[in-house]
Amino acid sequence: MRIYQSEIRIKTKKSYDFIDITEKVENEVRKSKIDNGIIFLNSLHNTACMIIQENDETIFEDMKKLFDRILPLNEKYNHSYEGSLNATAHLKSNLLSQSLTLPIKNGKIVLGTWQRIIFVELFEPREREVFITIMGE
Amino acid sequence: MRIYQSEIRIKTKKSYDFIDITEKVENEVRKSKIDNGIIFLNSLHNTACMIIQENDETIFEDMKKLFDRILPLNEKYNHSYEGSLNATAHLKSNLLSQSLTLPIKNGKIVLGTWQRIIFVELFEPREREVFITIMGE
Amino acid sequence: MRIYQSEIRIKTKKSYDFIDITEKVENEVRKSKIDNGIIFLNSLHNTACMIIQENDETIFEDMKKLFDRILPLNEKYNHSYEGSLNATAHLKSNLLSQSLTLPIKNGKIVLGTWQRIIFVELFEPREREVFITIMGE
Numbered sequence: 001m002r003i004y005q006s007e008i009r010i011k012t013k014k015s016y017d018f019i020d021i022t023e024k025v026e027n028e029v030r031k032s033k034i035d036n037g038i039i040f041l042n043s044l045h046n047t048a049c050m051i052i053q054e055n056d057e058t059i060f061e062d063m064k065k066l067f068d069r070i071l072p073l074n075e076k077y078n079h080s081y082e083g084s085l086n087a088t089a090h091l092k093s094n095l096l097s098q099s100l101t102l103p104i105k106n107g108k109i110v111l112g113t114w115q116r117i118i119f120v121e122l123f124e125p126r127e128r129e130v131f132i133t134i135m136g137e
Numbered sequence: 001m002r003i004y005q006s007e008i009r010i011k012t013k014k015s016y017d018f019i020d021i022t023e024k025v026e027n028e029v030r031k032s033k034i035d036n037g038i039i040f041l042n043s044l045h046n047t048a049c050m051i052i053q054e055n056d057e058t059i060f061e062d063m064k065k066l067f068d069r070i071l072p073l074n075e076k077y078n079h080s081y082e083g084s085l086n087a088t089a090h091l092k093s094n095l096l097s098q099s100l101t102l103p104i105k106n107g108k109i110v111l112g113t114w115q116r117i118i119f120v121e122l123f124e125p126r127e128r129e130v131f132i133t134i135m136g137e
Numbered sequence: 001m002r003i004y005q006s007e008i009r010i011k012t013k014k015s016y017d018f019i020d021i022t023e024k025v026e027n028e029v030r031k032s033k034i035d036n037g038i039i040f041l042n043s044l045h046n047t048a049c050m051i052i053q054e055n056d057e058t059i060f061e062d063m064k065k066l067f068d069r070i071l072p073l074n075e076k077y078n079h080s081y082e083g084s085l086n087a088t089a090h091l092k093s094n095l096l097s098q099s100l101t102l103p104i105k106n107g108k109i110v111l112g113t114w115q116r117i118i119f120v121e122l123f124e125p126r127e128r129e130v131f132i133t134i135m136g137e
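Chains as they are written, first to last, in this note's numbering: chain A, 1 to 137; chain B, 1 to 137; chain C, 1 to 137.
Hints listed in this document are in silico derivations from the structure and should not be mistaken for laboratory results.
Heads up, some of the hints might be wrong.
Which copy is meant is left open, so a pair is good if it fits within one copy or across any two.
No more than 25 Å apart at the CA atoms, straight line, and that leaves these computed lysine-lysine pairs for DSS-like [claimed, not checked]:
(1) LYS11 - LYS105
(2) LYS31 - LYS11
(3) LYS65 - LYS13
(4) LYS31 - LYS105
(5) LYS64 - LYS13
Could you build all of it, start to finish, from the sequences and the hints given here?
Right under this line is the structure:
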C-alpha cells in the first residue's frame with residue numbers, strides 16, 4: 001500500500017466556469033503507478049469546488065439558474081466586503097463539494113458512463129489549486 | 001493494509017425511491033474481512049445518489065417538497081431533452097452526494113444511532129450500481 | 001501504512017452554532033503520528049454536520065438566511081414530531097456534509113489559506129460526536 005501526493009493547478013476564466021479536469025486527474029493516477037485504490041481531490045478554496053457530473057453546458061446553465069433563484073445576487077448579504085458574487089460563492093461551495101473521493105481499478109478512475117470530474121469556479125477568474133492524494137497498491 | 005473492491009446493484013422502482021442499503025453494504029464489509037478502516041461508496045450515476053439519514057418516510061417527503069420548491073418541475077430547464085425530472089435530478093444529486101465514506105471499526109460500519117445508508121433514486125426506475133472500496137486491515 | 005481511530009466530542013450551545021474544530025482535529029493528527037495520508041471525519045448525527053469554510057460570522061449568518069429562505073421554519077413539515085427546526089435540520093445536514101476527508105502532509109492537515117474545519121449544530125444544544133480515522137504512514 002502506497003501514498004502519492006501532488007497538486008494540480010487550474011486557471012479559471014469566469015464565474016461559473018465549469019472545467020472538465022478528468023484527463024488532468026487521470027494523468028496523476030498514471031504518474032502514481034497505483035493500480036487499485038482511491039483518489040482524493042481537495043479544492044483548497046472556499047469559493048471554488050468540484051462536482052461529478054456530465055460535461056454538458058445545459059446542466060451547468062440550469063445550475064446557475066438554481067443558484068440565482070435561491071441565492072439572488074441583488075439580495076443583501078452580511079459577508080459583503082467582496083460583493084454578492086463572493087458572498088454567495090462561499091455558500092454554493094458548501095452546498096456542492098470541495099472534495100471528491102473516487103475509486104481506482106486497474107489503473108483507471110472508476111466513473112459511470114456519463115460521469116466526469118468538473119472543477120467549478122464560483123467566484124471570479126483565479127489560479128486555483130486541487131490537492132491530490134492517491135492511496136492504494 | 002488491504003483493499004477490497006466490489007459492486008452492488010440496486011433496482012429502483014420510482015422517482016424519489018429512498019432505499020435503505022445498510023444491510024447490503026454491511027454484507028460487503030463482512031465479505032472483505034477488513035476489521036478496521038474505511039468503506040467508500042460511489043454511485044456511478046448523475047441522477048441517483050446516496051445520503052446518510054434516518055430511515056423515516058416523513059423526512060423523505062420533506063426532502064421531495066424542498067426540491068419541488070427550489071427546483072419546480074413546471075419550470076423550463078436548459079437540459080430539457082429528457083424532461084424536467086431528469087434535468088432537476090442532475091442538480092439534486094450534486095446538492096446531495098454521489099459518494100459516501102464511512103469508518104469501519106471491529107468489523108462494523110460506524111454509524112450514529114439513527115444513521116442509515118440510503119440510496120436515492122432521483123430520476124426514474126432503473127438498475128443502479130454502487131462501486132464499493134474497502135481499505136484497512 | 002497505519003490506521004488511527006478516535007472520537008472527539010463537541011458541546012454545542014445553540015442552533016446554528018458554528019464551531020471551529022480545526023485545532024481539536026490537528027491534535028488528533030499529532031496523536032496519530034501519521035505524517036502523510038488522509039483524515040476522515042464523520043459526524044454521527046443527522047442534525048449536525050461539518051463544512052470547510054472561512055471562520056467568519058458573516059458567512060454563517062448568510063447561510064442561516066439561505067436556509068430560512070429555502071426551508072422556512074413556519075412551513076408545515078411531515079417530520080413534525082420534534083418541530084420545524086428538527087425537520088429542517090435533517091435536510092440541511094444532507095445539503096451540507098456529514099463527513100469530510102482532508103489530506104495530511106508532513107504531519108499537518110492540508111487546508112487552503114482561508115479554510116477551517118467548522119462543526120455546525122443545526123438542531124439544538126447537544127453533546128455531539130465526530131468519529132476520526134487517519135490512514136497513512
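Outcome of the hint check:
In this homomeric assembly, LYS11 and LYS105 come within 25 Å of each other (Cα to Cα) only across copies, at 24 Å, whereas the closest approach inside a single copy is 29 Å. For the homomeric pair LYS31 and LYS11, the shortest alpha-carbon distance inside one copy (22 Å) is at most 25 Å, but the shortest distance between copies (37 Å) is not. With identical chains, the CA atoms of LYS65 and LYS13 are at most 25 Å apart within one copy only, with a shortest distance of 19 Å there and 30 Å across copies. In this assembly of identical chains, the alpha carbons of LYS31 and LYS105 lie at most 25 Å apart whether taken from the same copy (15 Å) or from different copies (19 Å).
Within a single copy, LYS64 and LYS13 get their C-alpha atoms as close as 16 Å, which meets the 25 Å cut-off; across copies the closest is 30 Å, which misses it.
In summary, the structure agrees with every hint in the numbered list given earlier.
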